[in-house]
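Novice: Each chain, written out:
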Amino acid sequence: MSNVSSSEIRREFAKSKVGLIGIGILASLIILSVIAAVTIPIDTFKQWNNPGNWISYPKSSAPIWVNYFMTQKIPEHLILDNPSTITKDDVISLTSHQFGVQYHYDDFPSDFIYEFSVEYSGSQLLQISVIRPDQSQILLLSRSLPHSDTKIVHHERIFSTDNSIKKNIQIYFSEIGFYNQNTSSEDMIFANKDGQVLKGDYLFLLNIFGVEENVEIIDSKLILGGKVFGMMGTDELRRDLAVGLLWGTPLALFIGISVAVGSVTAGLIYGVYAGFKGKKTDEAMMRFNDVIYALPALPFLIILAVTISNSIFLLVGFLMIFSWVGIAKVSRSMALQIKTRQYVEASQMMGQKNSKIIFKHIIPQLLPYAFASIAISVPAAITTEAGISFLGLGDPTFPTWGQILHDAYTYGAAARGMWWWIAPPGIMIAITGLAFVFIGNALDAIVNPKLKK
Amino acid sequence: MSLKRYIATRGITMFGVLMITLLLTIALVGSNMDIILKQGIAYQVRAEITESPTIAQSFATVEEFDQFVREQIDQRMKTLGLDTPWYSPQRIGFTMYKILILDFGNATFLTSDSGSSNVGDILLEKIPRTVLLFTTATIIISIIGIFLGALAGSKVGSVVDRITSAFAVISSSFPVWWVGMLMIFMFAFTYHIFPARATPSILPTEPDYILALLYHMTLPLITIVLIGFGTWAYLVRNFMVGTLQEDFISAKKAIGISKKKIIYKHALKNAAPPIITILALSLSGSLGGAIITEAVFDWPGMGRLYFEAISVMDLPIIIGATYVLTVLFLISIFVADLLYGYFDPRVKTE
Numbered sequence: 003m004s005n006v007s008s009s010e011i012r013r014e015f016a017k018s019k020v021g022l023i024g025i026g027i028l029a030s031l032i033i034l035s036v037i038a039a040v041t042i043p044i045d046t047f048k049q050w051n052n053p054g055n056w057i058s059y060p061k062s063s064a065p066i067w068v069n070y071f072m073t074q075k076i077p078e079h080l081i082l083d084n085p086s087t088i089t090k091d092d093v094i095s096l097t098s099h100q101f102g103v104q105y106h107y108d109d110f111p112s113d114f115i116y117e118f119s120v121e122y123s124g125s126q127l128l129q130i131s132v133i134r135p136d137q138s139q140i141l142l143l144s145r146s147l148p149h150s151d152t153k154i155v156h157h158e159r160i161f162s163t164d165n166s167i168k169k170n171i172q173i174y175f176s177e178i179g180f181y182n183q184n185t186s187s188e189d190m191i192f193a194n195k196d197g198q199v200l201k202g203d204y205l206f207l208l209n210i211f212g213v214e215e216n217v218e219i220i221d222s223k224l225i226l227g228g229k230v231f232g233m234m235g236t237d238e239l240r241r242d243l244a245v246g247l248l249w250g251t252p253l254a255l256f257i258g259i260s261v262a263v264g265s266v267t268a269g270l271i272y273g274v275y276a277g278f279k280g281k282k283t284d285e286a287m288m289r290f291n292d293v294i295y296a297l298p299a300l301p302f303l304i305i306l307a308v309t310i311s312n313s314i315f316l317l318v319g320f321l322m323i324f325s326w327v328g329i330a331k332v333s334r335s336m337a338l339q340i341k342t343r344q345y346v347e348a349s350q351m352m353g354q355k356n357s358k359i360i361f362k363h364i365i366p367q368l369l370p371y372a373f374a375s376i377a378i379s380v381p382a383a384i385t386t387e388a389g390i391s392f393l394g395l396g397d398p399t400f401p402t403w404g405q406i407l408h409d410a411y412t413y414g415a416a417a418r419g420m421w422w423w424i425a426p427p428g429i430m431i432a433i434t435g436l437a438f439v440f441i442g443n444a445l446d447a448i449v450n451p452k453l454k455k
Numbered sequence: 038m039s040l041k042r043y044i045a046t047r048g049i050t051m052f053g054v055l056m057i058t059l060l061l062t063i064a065l066v067g068s069n070m071d072i073i074l075k076q077g078i079a080y081q082v083r084a085e086i087t088e089s090p091t092i093a094q095s096f097a098t099v100e101e102f103d104q105f106v107r108e109q110i111d112q113r114m115k116t117l118g119l120d121t122p123w124y125s126p127q128r129i130g131f132t133m134y135k136i137l138i139l140d141f142g143n144a145t146f147l148t149s150d151s152g153s154s155n156v157g158d159i160l161l162e163k164i165p166r167t168v169l170l171f172t173t174a175t176i177i178i179s180i181i182g183i184f185l186g187a188l189a190g191s192k193v194g195s196v197v198d199r200i201t202s203a204f205a206v207i208s209s210s211f212p213v214w215w216v217g218m219l220m221i222f223m224f225a226f227t228y229h230i231f232p233a234r235a236t237p238s239i240l241p242t243e244p245d246y247i248l249a250l251l252y253h254m255t256l257p258l259i260t261i262v263l264i265g266f267g268t269w270a271y272l273v274r275n276f277m278v279g280t281l282q283e284d285f286i287s288a289k290k291a292i293g294i295s296k297k298k299i300i301y302k303h304a305l306k307n308a309a310p311p312i313i314t315i316l317a318l319s320l321s322g323s324l325g326g327a328i329i330t331e332a333v334f335d336w337p338g339m340g341r342l343y344f345e346a347i348s349v350m351d352l353p354i355i356i357g358a359t360y361v362l363t364v365l366f367l368i369s370i371f372v373a374d375l376l377y378g379y380f381d382p383r384v385k386t387e
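So the protein sequences, as listed, match chains A and B. Throughout the first sequence, residue numbering follows my numbering, covering 3 to 455 in sequence. Throughout the second sequence, residue numbering follows my numbering, covering 38 to 387 in sequence.
What the hints contain is simulated information worked out from the structure, not anything from laboratory work. Hints may be right or wrong, so weigh each one.
[Unchecked claim] Subject to a maximum C-alpha distance of 35 angstroms in a straight line, what follows is the list of computed DSBU-like cross-link-like pairs (lysine-lysine):
#1 A:K168 - A:K90
#2 A:K17 - B:K290
#3 A:K331 - B:K192
#4 A:K282 - A:K355
#5 B:K306 - A:K331
#6 B:K306 - A:K19
#7 A:K279 - A:K358
#8 B:K41 - A:K341
#9 A:K168 - A:K195
#10 B:K41 - A:K281
#11 A:K331 - B:K302
#12 A:K331 - B:K115
#13 B:K306 - B:K192
#14 B:K298 - B:K192
#15 B:K192 - B:K41
#16 A:K48 - A:K229
#17 A:K169 - A:K201
#18 B:K192 - A:K17
#19 A:K229 - A:K201
#20 B:K297 - A:K19
#21 A:K201 - A:K223
#22 A:K169 - A:K90
#23 B:K306 - B:K289
#24 A:K282 - A:K331
#25 B:K306 - B:K296
#26 A:K282 - B:K41
#27 A:K331 - A:K358
#28 A:K355 - A:K281
#29 B:K296 - A:K17
#30 A:K19 - B:K135
#31 A:K153 - A:K169
#32 A:K279 - A:K362
#33 A:K19 - B:K192
#34 A:K279 - B:K41
#35 A:K19 - B:K296
#36 B:K41 - B:K135
Since the model is a prediction, treat every value here as computed from it, not as a measurement.
All chains, full assembly: derive it from the sequences and hints.
Specialist: In structure tokens form, the structure reads like this:
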């Protein structure tokens with residue numbers, strides 16, 4: 003052990019390339035956490051396990067960027083909820099929502115859904131039509147909304163499998179002579195004469211006609227089903243993995259850092275006290291240390307999670323119980339050395355309180371070592387939590403990386419080739435671990451100059 | 038402290054730890070155990086009554102019949118000692134005594150491959166497989182690690198050294214079970230080289246079982262070795278660097294002993310005590326980690342048994358497996374301690 007001042011540590015640390023990389027990664031992870039907290043409403047992660055929240059997302063979709071590596075562009079899952087609105091007030095009022103789509107993929111969409119809520123009274127007529135790139139207009143649906151004398155809110159989902167849509171398409175294409183009985187509605191809409199995908203700009207028109215003008219579309223969403231979605235893809239339960247991965251970052255940092263800080267602080271004080279007191283106290287405390295050291299950690303963590311609670315905060319506490327032991331051993335031996343230094347003996351002779359000697363004279367000497375240990379013990383805490391979550395024993399209210407992997411394992415992601423479900427959470431765990439290992443190693447090299455060689 | 042006394046104090050501590058572990062396990066699962074046992078008894082009594090309708094017919098009123106059922110249940114609970122709570126000293130003492138003499142009782146749900154529901158039988162069937170996989174892996178890891186570490190340590194700053202150190206740091210950041218998932222994805226589903234499930238599909242009684250087991254073992258083995266040897270090499274390297282700076286090595290160099298001989302004979306021998314300690318500890322550590330690794334690979338050993346027992350709350354197995362895991366863990370710590378004392382003459386002062 004050596005005495006290094008904090009300014010020296012800073013200077014030395016700035017020279018360490020590995021340490022700076024570690025700081026860089028950590029900084030970007032923190033930025034990622036801030037982004038997660040700011041951009042994604044907290045509500046979203048609470049809704050993580052609520053299937054209703056993800057209904058408009060696609061099932062098991064690859065990330066959007068796989069298209070860059072494909073010659074055949076996979077259709078993207080489009081959720082259009084920002085239509086341009088046109089209203090006309092005449093004898094017959096018209097409220098129109100128009101959704102423009104640039105369709106340049108090499109495959110047909112899997113389906114489309116129009117979801118809307120509208121507030122109206124009286125009789126209203128809903129018409130859905132599409133203008134194709136070749137300027138032909140197809141009427142897809144013409145249907146009256148249920149009559150009501152009072153103001154009501156009507157919510158409906160219209161699927162591409164709807165029978166009237168099928169019938170209208172049959173009428174339209176039979177006239178031109180292209181109708182194929184076995185082709186689904188969405189394939190007909192997006193096909194050219196040869197049955198290939200007709201690429202270009204499509205415009206979906208949703209018109210509501212009424213005699214009275216009091217129509218208000220509250221919510222209007224056109225979903226064009228595809229097989230790629232978002233930055234990170236989706237899982238079997240239609241969840242956007244980007245949300246889970248992003249929210250996993252602050253959770254992992256919280257777990258790792260709080261366990262490391264808590265256990266190192268506890269171990270440091272425990273060890274220093276034992277070393278400083280010496281004799282019987284030391285012996286008893288070290289025997290207790292041996293007992294905890296010899297407990298098999300993982301089986302116990304599992305039993306604790308199952309029998310007591312799987313709350314993430316309690317898990318942090320459980321992890322602390324098993325990780326302060328090593329630190330206590332080392333800081334005890336360090337305290338034994340420092341105890342014999344003259345200034346400690348002098349302050350003892352002056353009659354200073356034990357607590358004051360420990361906190362003023364011994365612990366400050368151990369701080370550099372403590373910081374290195376904190377950094378080094380973060381990854382273990384993160385991987386252990388991930389492991390417990392992977393076994394399905396984690397806190398179900400928070401989407402941690404381990405839990406995403408647990409779901410991936412249960413739904414057989416490996417067998418189905420869903421690499422985007424397996425790889426990113428593990429890479430995130432490893433990157434977070436690496437950041438702290440880098441910082442810890444750099445600090446360690448400064449604190450223990452012997453290792454530098 | 039003499040060696041004998043050293044061993045004695047260690048032994049006593051270990052025994053104490055074992056008892057505390059048992060007590061903790063029983064305390065944690067005890068209340069659940071009571072509920073399950075009581076439900077089991079009630080179920081048993083009802084089943085017996087429905088089997089023989091004459092019992093039910095011999096009662097005039099429903100109240101009388103209920104009274105009879107309740108008495109039956111109470112009586113059986115008394116014979117099993119369930120009328121006192123699980124935390125009563127007699128019951129804890131009795132449970133601990135039974136476990137100490139390795140009588141774990143019968144499992145609630147799980148059975149061994151041969152169909153026995155005796156916890157001892159189940160454990161005896163699973164332990165060899167876990168030991169087979171993890172001991173083999175640890176041996177391979179340590180061999181690669183020691184040679185690579187010695188090589189890297191003797192050439193500080195060389196390409197080998199840098200690659201070893203970088204690989205060690207990076208590989209240790211990946212959870213083994215996650216790499217396992219990727220390996221299954223790659224080698225079982227993308228390229229069909231190894232089976233995805235490590236449980237052999239043929240029965241243990243068939244003669245080819247050992248071969249099938251070894252074939253199914255390859256993928257988990259490769260994964261564990263891949264993630265493990267880097268850390269090992271790095272540790273050995275650090276010890277070697279320390280040892281090679283010592284005076285006696287410089288003296289040997291000065292005499293003109295070949296570098297190879299110095300590294301592999303003298304320096305490595307000197308770095309042996311910590312290496313052996315870590316070997317024993319990592320072996321025991323891997324047994325704990327086996328729970329997740331075996332779950333991923335579906336390896337039919339202790340770890341998966343433990344996981345299955347947890348998921349269905351099969352308490353006798355949980356208690357038995359925790360006990361066995363603790364015993365294995367303690368034995369390896371104990372052996373590590375003894376070996377350290379044997380190899381490092383500074384430990385035994387007499």
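Novice: Starting from the hint list further up, note which numbers the structure goes against and sort them upward.
Specialist: Structure breaks hints 12, 15, 30.
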